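K.L.:
One line per chain: the protein sequences are A and B, in this order.
Counting in the working numbering, the first sequence runs without a single skipped number right up to 666 at its last residue.
Counting in the working numbering, the second sequence runs without a single skipped number right up to 815 at its last residue.
No wet-lab data here; the hints were simulated from the structure.
Please note: incorrect hints may appear among the correct ones.
[As the list claims (entries may be wrong)] In the DSS-like style, the derived pairs of lysine-lysine whose C-alpha atoms are separated by at most 25 Å in a straight line are: (1) B:K748 - A:K606; (2) A:K606 - B:K755; (3) B:K672 - A:K341; (4) A:K546 - B:K731; (5) A:K382 - B:K811; (6) A:K382 - B:K672; (7) B:K748 - B:K710.
[Unchecked claim] If you only want the chain B side, here are some residues facing chain A, beta carbon under 10 Å, derived: (8) G680; (9) L690; (10) I757; (11) L761; (12) K763.
[To be verified] Quick look at which bits of chain A chain B covers, simulated, 3 or more residues with Cβ under 8 Å: (13) 379-386; (14) 575-585; (15) 599-611.
These figures come from a predicted structure and were not determined experimentally.
Cβ coordinates follow ideal geometry from the N, Cα and C atoms, glycine included.
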Amino acid sequence: MIPEIGHFSLILAFCFAIVQGTLPLIGVWQHKPMLANVAVPAARLQFLFIAIAFISLDYSFYVDDFSVLYVASTSNSQLPIMYKLAAIWGGHEGSMLLWVSMLGLWTMAVTIYAEALPQTFKIRLIAVMGMVSIGFLAFVIFTSNPFERLIPAALDGRDLNPLLQDPGMVFHPPVLYMGYVGFSVAFAFAIAALLDGKLDITWARWTRPWTTVAWVFLTLGIAFGSKWAYYELGWGGWWFWDAVENASFMPWLVGTALIHSLAVTEKRDAFKVWTVLLSISAFSLSLLGTFLVRSGVLTSVHAFATDPRRGVFILLYLVVVIGGALLLFAWRAPKVGLGEKFDVVSRESMLLANNVVLVAAAGSVLLGTMYPLLMDALGAGKISVGPPYFDAVFVAIMAPGLFLMGLGPLAKWKKASLPEIGARLKVAAVISVISSVLVPFIMGKMSLMVVVGVFLAFWVGSTSLILLANRVKSRSAATPNLVDNLKGIPLAFYGMFIAHLGIGVFILGVTLVKGYESEQDLRMEINDVAKIGNLNFTFEGTQTIKGPNYESQQGTFTVTKNGKAVAVLHPEKRFYPVQGSVMTEADISPGVIKDLYVSLGEPLEKGAWSVRIYIKPFVQWIWAGAILMALGGFCALADKRYRARNKKLSQGSKEGEQEAHEAFAS
Amino acid sequence: MKARHKRFSLIAAGLILLVIATVLITQSFKSNLVFFFTPTQVEKGQAPKTGSFRIGGLVENGSLKRLPDGLRVQFRVTDTAKTMQVIYKGILPDLFKEGKGVVAEGKLGAAGIFEADQVLAKHDENYMPPEAAAALKAASDAKMKAGTM
Chain A
1 MIPEIGHFSL ILAFCFAIVQ GTLPLIGVWQ HKPMLANVAV PAARLQFLFI AIAFISLDYS
61 FYVDDFSVLY VASTSNSQLP IMYKLAAIWG GHEGSMLLWV SMLGLWTMAV TIYAEALPQT
121 FKIRLIAVMG MVSIGFLAFV IFTSNPFERL IPAALDGRDL NPLLQDPGMV FHPPVLYMGY
181 VGFSVAFAFA IAALLDGKLD ITWARWTRPW TTVAWVFLTL GIAFGSKWAY YELGWGGWWF
241 WDAVENASFM PWLVGTALIH SLAVTEKRDA FKVWTVLLSI SAFSLSLLGT FLVRSGVLTS
301 VHAFATDPRR GVFILLYLVV VIGGALLLFA WRAPKVGLGE KFDVVSRESM LLANNVVLVA
361 AAGSVLLGTM YPLLMDALGA GKISVGPPYF DAVFVAIMAP GLFLMGLGPL AKWKKASLPE
421 IGARLKVAAV ISVISSVLVP FIMGKMSLMV VVGVFLAFWV GSTSLILLAN RVKSRSAATP
481 NLVDNLKGIP LAFYGMFIAH LGIGVFILGV TLVKGYESEQ DLRMEINDVA KIGNLNFTFE
541 GTQTIKGPNY ESQQGTFTVT KNGKAVAVLH PEKRFYPVQG SVMTEADISP GVIKDLYVSL
601 GEPLEKGAWS VRIYIKPFVQ WIWAGAILMA LGGFCALADK RYRARNKKLS QGSKEGEQEA
661 HEAFAS
Chain B
667 MKARHKRFSL IAAGLILLVI ATVLITQSFK SNLVFFFTPT QVEKGQAPKT GSFRIGGLVE
727 NGSLKRLPDG LRVQFRVTDT AKTMQVIYKG ILPDLFKEGK GVVAEGKLGA AGIFEADQVL
787 AKHDENYMPP EAAAALKAAS DAKMKAGTM
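Build out the structure end to end from the sequences listed, making use of the hints.
P.N.:
Listed below in structure tokens is the structure:
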């Protein structure tokens, strides 16, 4: 009964999506307020029914209803409750339901928080979100129904893929999708602006917080995924340039460009057409990612067995949405106008360079990801692009961009002077050059990659600090008290400061782990000692332990340094009887300076095992950097001016404008 | 006038950078393309003698052996028409199983043994890596053709 309620709710949601996506547009066009005003209630009802569907499905997981095909194929009665509830997005059908639910959630948020927008704009915005939703709901209902019954019911489920039985499963997919789908709001803003034929500073100010929220979620989602891969896959890698990773990374790169371009549009009324194009691109890449992951064209950790019809459906949908948006863009963009002019040396031009770099990086990733698929589709043979391509090209493109990142925030709007910026950055240059020599010297090995990486990390970090110092100095005459001074600086500025520091921390982590990691594959008997650097890893043997739905061989390794115990590690080899599959669970002793990482290979004769041991210096900095970036985003969102905006629009007071102005002055 | 010159030189510099970047990208791209071959194609000598490529098919039942050093494993990959020997040093992925699909990347070594430095296996019960599936299909198509002739 419950699954039927869910299925029926999904169909109702689809009907409301059609209403939401069509009638309001006709209403605005024909000046019929009756039709136009349908937008908000339709959107809310759509969300309500999607929520009912989602809860129904999760309820079926909760009560082990194995008469539902999807539940029977991704869950099991022995599965811990946390994973039963998360198993809803453990397969194709449920992932798509999650996608649609996230879209519903974002639409709901728009109907609540977009109160202050002009009526027609808001209606168009919601209608565009409705149109996006129509396609995805149709996809779920017609090709990927998660409520399909299995008659007769299975006695027990086929279990969730053991690879997915991990706390990462609970957080990674929803957070990532929240970000992925969140770009639909920026997309809808852009389309609504094109329909309006009007795009100004206010538009950018509305769009910014939405884009930032999506970007924050996407950043966190990717970081969680990377961390999960690091400890779960047992290969010690944190990024594989896997097509599915790339699929989430491309919208991130373009989204990052969009955040910066929106800043220019809001502050200077420039980059207008470009901003619209980026909004469309970011979401198009999200859709492309969905296609890549969901069509089964890839060999990847994320690939499930899928039906080729689904691929065709998403591909068609992709063509309609992206093609439609670009056509509209080509037709209406001239109306929007290019915006204000600026000098060759100015903050605008620096941000333009930032945008070019990010888009070029996204383009090179796109080339490497899509080329093999294209060749395959054309029947030109099966090809793959090796990670060295991505490493080399991505770093080469990003490095100059990261250098400019140090200059940009110090440059003045409209017209800046290079000598002036140079004078301000002398200290940063000295710090970065010294560190780039000193750090490899301390670590004991010099290479070009490390020198450049450390230089850029310190460059980004120190220029951010100098920026903050300059800001404080310029305010010190008016507010001599340092605490008051710091408190008076708008949160948006701190947001940028923290996010940029995060980039520095991230680069340092990547550089040091790439430059100084070590890996050993060994055959170890009981009481064997492996010596790596100044650490001794002693293999104490294995014992059998029993988990809720698996049996495990758990090894014990004690790590000592000069005779003193440093860590005890318990890597496992788990056997999941339901799927008959084996899983490696590495054990890691994380640290600020380095991670010790041990994973068990296979049992050999006489209690010996093949063992893999890694030392990963500074690897945690990679995720710490990503968290800082997300934190920066949150900080920017908390800025007064986004709240001030509502007040200003509703009361018409001058105060909001003033605060907004203060927030931007730099 | 001066501003215009400045702008022109900047645009020119930008274009030059763009050209250099494009050349570097395409170079790096070409040198990192990894092609895929089925065991039948390798047997026919179509695979590169030096340089990396991928092979795919099924892990032949009963073919998985551990070499005496305890770290290297040897197995045969088949597309049902031809088989080939593969040696791999390191830890096999958890989902590697005899009789199931596999894709391996590496080089052709001495005596025609494929020396893999990466092994990708299936990720769930029903899933077959597209490359492995393609290898099996190619072999069965060839058989069908031979049968009708």
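K.L.:
Please go over all the hints and tell whether each is borne out by the structure.
P.N.:
Outcome of the hint check:
1. Restraint check for K748 of chain B and K606 of chain A: the C-alpha separation of about 36 Å exceeds 25 Å, so the hint is violated.
2. Distance hint between K606 of chain A and K755 of chain B is fulfilled; the C-alpha atoms sit about 21 Å from each other, no more than 25 Å.
3. Restraint check for K672 of chain B and K341 of chain A: satisfied, since their Cα atoms lie roughly 16 Å apart, inside the 25 Å limit.
4. Between the alpha carbons of K546 of chain A and K731 of chain B the distance comes to roughly 29 Å, so the proposed pair goes past 25 Å and is violated.
5. With a C-alpha separation of about 22 Å, the suggested pair K382 of chain A and K811 of chain B falls inside the 25 Å cut-off, and the hint holds.
6. A C-alpha spacing of about 48 Å is found between K382 of chain A and K672 of chain B, which places the hinted pair above 25 Å, so the restraint is violated.
7. Taken as a hint, the K748 of chain B and K710 of chain B pair is honoured in the structure, with Cα atoms around 10 Å apart against an allowance of 25 Å.
8. With 10 Å as the threshold, the beta carbon of G680 of chain B comes within range of chain A, its nearest partner Cβ sitting at about 9 Å, so the hint holds.
9. Hint on L690 of chain B holds. Least Cβ distance to chain A is approximately 6 Å, under the 10 Å limit.
10. Because the smallest distance between the Cβ of I757 of chain B and any Cβ of chain A comes to about 4 Å, under 10 Å, the interface hint for this residue holds.
11. Among the interface hints, the one on L761 of chain B holds; its C-beta lies about 6 Å from the nearest C-beta in chain A, closer than the 10 Å criterion.
12. A distance limit of 10 Å between C-beta atoms decides the matter here; for K763 of chain B the minimum to chain A is near 9 Å, and the interface restraint holds.
13. Beta-carbon proximity to chain B at under 8 Å applies to 6 residues in the segment 379-386 of chain A; the threshold of 3 is reached and the given coverage holds.
14. Interface restraint, the segment 575-585 of chain A with chain B: holds (5 residues with C-beta to C-beta distance below 8 Å; minimum three).
15. Beta-carbon proximity to chain B at under 8 Å applies to 6 residues in the segment 599-611 of chain A; the threshold of 3 is reached and the given coverage holds.
In summary, the numbered hints that this structure violates are 1, 4, 6.
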